[in-house]
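First to last, the protein sequences are chains C and D. Final position of the first sequence in this note's numbering is 392; the numbers increase by one with none missing. Final position of the second sequence in this note's numbering is 392; the numbers increase by one with none missing.
Derived by calculation from the structure, the hints in this document are not laboratory data. Here the structure is a predicted model, which is why all the values come from computation and not from measurement. Hints may be right or wrong, so weigh each one.
No distinction is drawn between identical chains; accordingly, a pair holds when it is met within one copy or between any pair of copies.
What the hints assert, rightly or not - No farther apart than 27 Å at their CA atoms in a straight line, the calculated lysine-lysine pairs in the DSS-like style are these:
id, residue 1, residue 2
1, Lys-130, Lys-287
2, Lys-166, Lys-73
3, Lys-81, Lys-287
4, Lys-87, Lys-287
5, Lys-77, Lys-176
6, Lys-130, Lys-162
7, Lys-73, Lys-211
2 protein chains.
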Amino acid sequence: MNIFEIIKKDGSARTGLLQTNHGVVKTPVFMPVGTRGAVKGTLPQQLRQAGSQIVLANTFHLMLKPGVKTIEKVGGLHKFMAWDGPILTDSGGYQVFSLSTINSTDDSGTEFASPYDGMKIKLDPLGVTEIQNRLGADIIMCFDQCPAFDAKPKEQQKAVERTIKWAKICKDTHSNSRQLLFGIVQGQTDRQLRQNCAHELVKIDFAGYAIGGLSVGEGTEQMLQTVRFTAPLLPEGKPRYLMGVGTPADIIQAVEAGIDMFDCVMPTRNGRNALAFTKAGPIRLRNSAYIDDLRPIDAGCRCLCCTTYSRAAIRHFFNIGEMLGPIMLSLHNIVFYHNLMDKIRENIENGSFSGWAVQALRSPAYARSNQVNDDMENAKYRKE
Amino acid sequence: MNIFEIIKKDGSARTGLLQTNHGVVKTPVFMPVGTRGAVKGTLPQQLRQAGSQIVLANTFHLMLKPGVKTIEKVGGLHKFMAWDGPILTDSGGYQVFSLSTINSTDDSGTEFASPYDGMKIKLDPLGVTEIQNRLGADIIMCFDQCPAFDAKPKEQQKAVERTIKWAKICKDTHSNSRQLLFGIVQGQTDRQLRQNCAHELVKIDFAGYAIGGLSVGEGTEQMLQTVRFTAPLLPEGKPRYLMGVGTPADIIQAVEAGIDMFDCVMPTRNGRNALAFTKAGPIRLRNSAYIDDLRPIDAGCRCLCCTTYSRAAIRHFFNIGEMLGPIMLSLHNIVFYHNLMDKIRENIENGSFSGWAVQALRSPAYARSNQVNDDMENAKYRKE
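Only chain C is shown next, with the shape it has when bound in the complex (with noise of 0.2 Å):
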C-alpha cells in the first residue's frame, strides 16, 4: 500500500497526502509537541480546533511515566491522550542522549539512569520498537544515536553505524501493521556519514525517513546545508521529516528542500516563556508596553486567545503567574505554524512557493531577524 501520495510538485517542495490508521496527513505538517502525553496546558479539542492534524508525543518520557502498561490498559496511547487523530512518537533515542546520565552505550544499546528517580534503566533498539508497538501511535520512531553537535568525527561515525545497525532490528522488531515505522538518518554535518546513512536506511526500506540530529546547536546555516544535501538522498515517493526544527524561517528553507514533516517546541515553549509570533514579528507580553494594550496578540487571527483575550490580559496573567498566558499563548502560536504550513501548502499547490518563499523570509512575521533572540534559539532544542 502507498502510504503517501504526492499532489503537487514546486521546485523540490511538494505537498501530499500521509496516510494513517487515524487519518490522513496534509503536507508539508507541523505537528506540535506533546512529550509527556498533553501539548502542554491545551486540550485535544483545542488543537483539533487550531487546525493540528497529527501530534507528537514521547516513548522516553511516557515509558518513565504513566509506564508502558498503564497506557496499554487505558486503552492505547490515543485513548489516554484523548486524541483521535494522528499520533507519531518519536523513539526516545533524542532524549536519551540528551537528558540522561548515560551510564554506558555499545552496540547492543544504552543504559541510563532514569531523570526521575536514577533507576537504571537499559533502551535498545528492539525494546524501544516494541514498547512502540505497545503504545500504538500511527508513526513510531527508529531507535538511533545522537551524538552531540561537537562529538568528535569518530564518536559521530560509530553513532552512524548503531543507528544504522539499529534500524535494521526496528525494522525487524516492528510487529503492529498498523504502524508506519520511519527510519532516522544521523551523521551530523558530514556529508559522508550523512549519505551512508541514507543510502543503508533506504536498503532496509522505512515507510519514511526523518533527518535527526540536526538543530543540536551546529547553527542554522550548518543545518539547512544538511537537510539540502540530505533530502534528495532520501526516496522522493516516501515522507520526509526533520526533526526538531524550527523557526518559521528554517520551515520554509526546509520544505524548499523537500522535507514534509516537522515537528518543535518553539510555538509552545516560546508560548509558555511569553513570547508571541505576530505578522509584525514577535512579540514578548511580559514587556511593559502591552500593560493597556486592547488590542488582540495578532490582528484578524482566529486563534481561541485572539477572539478571547486584550494583549493587556495576557500580559496582566503572565504577570500574576495565572495558567491562562502560557495557555493562550501556546495556542496562539500552534496557530500561527499550522497557518505558516496552510500558506506554504497554498504556495505550493499555485505553483508559487519560491516567489513567495523569498517574499516570506524578508517579511516581519517570518524573518530570521535580531528579534529571534538566543530565547527562540534555545527552544529550538527538542528538550521541552
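Go by the hints and put chain D onto chain C.
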C-alpha cells in the same frame, strides 16, 4: 425597579431571578471565584459551558494588579476578563485583613503594605466604592471590616460599628447606576452584633445583603447557626449572599436558611490540589488507586474533563505537573457545584426541598464526612 424576584418558596428556601446589567441570574447560585480576573486556568467559554452564570473577582487584587486604570483603559472588567455575563466584585475588606500586614486601621479606613511590593496603600470606603464603580462589575460590595474569628468581643463590636459607618459612606459614594451595591453584615457569631448590624444596614437600604465574616475558622455548626439567625433579619424581597461558603453540605443547609448566593474557592482550589467531587464522594487523583483507571472522574458527568480524559490521564497530569490536571479538575468541580445548585433549584420549585436536603446530606456526594478532611476545610477560607 425590583431587581430580585422570588419565584418559589419552600420553607425558607427560595428560588429567584436576580436582574443585573449583564443578564439575569437564577438563584440560588454558586459563583466561581476569579480573584485576579480569571478563574484560574479556565476560559470564559469553558465557564459558560460549565453552567456558570456569574463570576466573582476581587477589588483588592485587581487594584494592585493590573490596576484600575488598566482595566478602565481596556474597556472595563467585563472586556478585560472576556466575560460578558454578570460579575460581582468583592470589596477587598476580607483580603485587606487576611492577606496584608496591616499598619493601622481607624474609622477613616485601613493603611496596609501591598503584599506584592510592600508599598503603603490606604483603603477607605469612599475609595473602594469609587474603584468598584470604575471597574464596572454588576454587583459591588461595601467595604467592611472583617476581624479574625478569635478577635476579642470589643474588637468585634468596633468592627461592626465601622462596617455600618463605612456602609453609609459606600452608599453615599456609589454613583454607577448600572451596578447593584450590597451591604455586608458582620458580627461574627454574636447574635446581638449581627442583629444590630443587619438592622442598621437595612435602614441604609441596599440592593442586596451579604453575610460576611463567616467560614473564617469558627466551625461549621457555629457558621450555620449564625446564618440561620441572620438570614431572617434581612429583607425577604432582596438577595442574600453568604460570602466564602462552602462545602456542598454547607450550601444545602444555607439555602435551607434562605440564602440565595454563594462563592467559594473549594471547587477550584481543591481541583488544583487533585481532589475531585463525585457522586460517590470526593476522590484524590494523586492516589495510586487511579493509575490504571480508565473511567472518567465521575460516571455520567458531562463536563469537559469527564467527556475527555480518564482518571488515569488526570492522575498522570498531576504526577508530572502538567497544567491540564488542575485545569480539568477545576472545571469538573465547578460543574459539580453548578449541578448541585440545579438540583437545589429544582427541588425548591417542586416543593420537595426539605425532604431532598435530608437525603442529600446523607448521600456520599454531599455528606459532611470524614473524607471532607483538613485540605477541604482549609480551602473554605476565601484566600485564593
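Hint-by-hint comparison with the structure:
1. Proximity of Lys-130 and Lys-287 under a CA criterion of 27 Å is satisfied in neither setting, with 46 Å inside one chain copy and 44 Å between copies.
2. Taking CA atoms no more than 27 Å apart as the test, Lys-166 paired with Lys-73 passes in neither setting, with 31 Å inside one copy and 56 Å between copies.
3. In this homomeric assembly, Lys-81 and Lys-287 come within 27 Å of each other (Cα to Cα) only across copies, at 25 Å, whereas the closest approach inside a single copy is 45 Å.
4. In this assembly of identical chains, Lys-87 and Lys-287 lie within 27 Å of each other by CA distance solely across copies; the values are 24 Å between and 36 Å within a copy.
5. In this assembly of identical chains, the alpha carbons of Lys-77 and Lys-176 lie at most 27 Å apart only when taken from the same copy (26 Å versus 65 Å across copies).
6. For a Cα distance limit of 27 Å, the shortest separation of Lys-130 from Lys-162 inside one copy, 24 Å, qualifies, whereas the shortest one across copies, 70 Å, does not.
7. For the homomeric pair Lys-73 and Lys-211, neither the shortest alpha-carbon distance inside one copy (35 Å) nor that between copies (62 Å) is at most 27 Å.
The structure is inconsistent with the numbered hints 1, 2, 7, although it conforms to all the rest.
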